[in-house]
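Colleague: Given only the sequences and the hints, what does the whole structure look like? Please build it.
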Amino acid sequence: MSSISTESSSNLSLLENGGGGSDKPTAETSRRVRRTVSASSLIRKRSDLKLISRVRWEFMRRILTNLQEVLLGTKLFILFPAVPLAVVAHRYDCPRAWVFALSLLGLTPLAERISFLTEQIAFHTGPTGLMNATCGNATEMIIAILAVGQRKMRIVKLSLLGSILSNLLFVLGTSLFLGGISNLRKHQSFDPRQGDMNSMLLYLALLCQTLPMIMRFTMEAEEYDGSDVVVLSRASSFREDVYDDDVSDKEEEGAVIGMWSAIFWLIIMTLLVALLSDYLVSTIQDAADSWGLSVGFIGIILLPIVGNAAEHAGAVIFAFRNKLDITLGIALGSATQIALFVVPVTVLVAWTMGIEMDLNFNLLETACLAMSIIVTSLVLQDGTSNYMKGLVLLLCYFVIAACFFVSNSPSTETNITNHTITKR
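FYI, UniProt numbering numbers position 276 of the sequence shown as 276, with every residue one higher than the one before it.
Mixed in with the good hints there might be a few duds.
Listed next, with one range per pair, are the computed distances between beta-carbon atoms [unchecked claim]: (1) L363 with F264: 42 to 48 Å; (2) I268 with D93: 24 to 30 Å; (3) L184 with G383: 16 to 22 Å; (4) L184 with I263: 31 to 37 Å; (5) Q381 with I267: 40 to 46 Å; (6) R91 with R193: 48 to 54 Å; (7) L378 with R321: 21 to 27 Å.
The hints are simulated quantities; they were obtained by calculation from the structure and are not laboratory data.
The beta carbon of each residue, even a glycine, is placed where N, CA and C say it ideally should be.
Modeller: What follows is the structure, encoded as structure tokens:
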């Protein structure tokens, strides 16, 4: 989710290479592009309204300009009516499956607008890794925290795992496949260092999520009370700062709204995301029963695809243009941030709320994550791409989706690790 810098990145390249320019995109450039896909022309929609220029009062013109940029400045603005429709459906006790569907659609433009507003604030304050990781994954984090508050730990884990799998297999697979088809006569390559670094960080996340599950299976049944797994999970959660996406150079495109206006709209959009996320979490079981789907399928497949539609589209379009370094920055960067930032923060937030949440994702989920990371790292190890590699990633994703489609995944866990902390 980010814009592309040309002049500043070339100057930075001259400094880093001792005066010699380089046309090869660096991992730093790709991480910068990862921040705000919404700012690029791929997602942003030019919506200049001539009526605004005819308004006499400057104050009103500024307000209308901000409304135009925030509400109409995206190609996903046609989905904004789903936001009030979801509120009305919830208020008048419409079928809960409809509330879930409308909330899911309404979250799509809201998530993209949060990314856009984060970019606007970064133009004024300078980009920071913490702001990028927090606001760039605000939708996933809000859904996870609200699900923790409702003691639905299964939904928390499924939604976060689904976001990682979606970026690694579906987004990256679709991008490599369609990019390979559209560039059959061109050599597609990317900086392999970017894939290596993200793969190592994902292996670190996998280690922290595998150890609690192994500890559970190695303990004797009569000795297992879940407390040791929770302690290990909390200790493993103090790792979110290991992935720093901080970049110091400037962006090519300027801000279109002021900083305080961006902060105001960011608060509004975040509150709307929180409202729809609350509807989403409370109605997911009813939607699963109504549609004949398992909660696992909805949490791992539907939530990530719809919630990150704008980001996914940006990655695919960059692959069409044979800019695979940017595509990898979007897909791998998002998966890494969720694994190393959102998941640990969710565990720590649950701890502060007096709720025990561990990193035990169960055997099936952990196996899917491990195989996805291994396959992705193998695909990216040589720094080249073609449509067949993308097809392999897509087939892996479809197999995992079919597995959760036929499985009867409960919405809650029956083990002892997910209960309220009792004071000793």
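Colleague: None of the hints should be skipped; say for each whether it holds.
Modeller: These are the hints, each one checked on the structure:
1. L363 with F264: 42 to 48 Å: 46 Å, holds
2. I268 with D93: 24 to 30 Å: 26 Å, holds
3. L184 with G383: 16 to 22 Å: Cβ of L184 to Cβ of G383: about 19 Å, so the range 16 to 22 Å holds.
4. L184 with I263: 31 to 37 Å: Since L184 and I263 have Cβ atoms about 46 Å apart, the given range 31 to 37 Å is violated.
5. Q381 with I267: 40 to 46 Å: Taking Cβ atoms as reference, Q381 and I267 lie about 43 Å apart, which means the hint holds.
6. R91 with R193: 48 to 54 Å: 52 Å, holds
7. L378 with R321: 21 to 27 Å: 25 Å, holds
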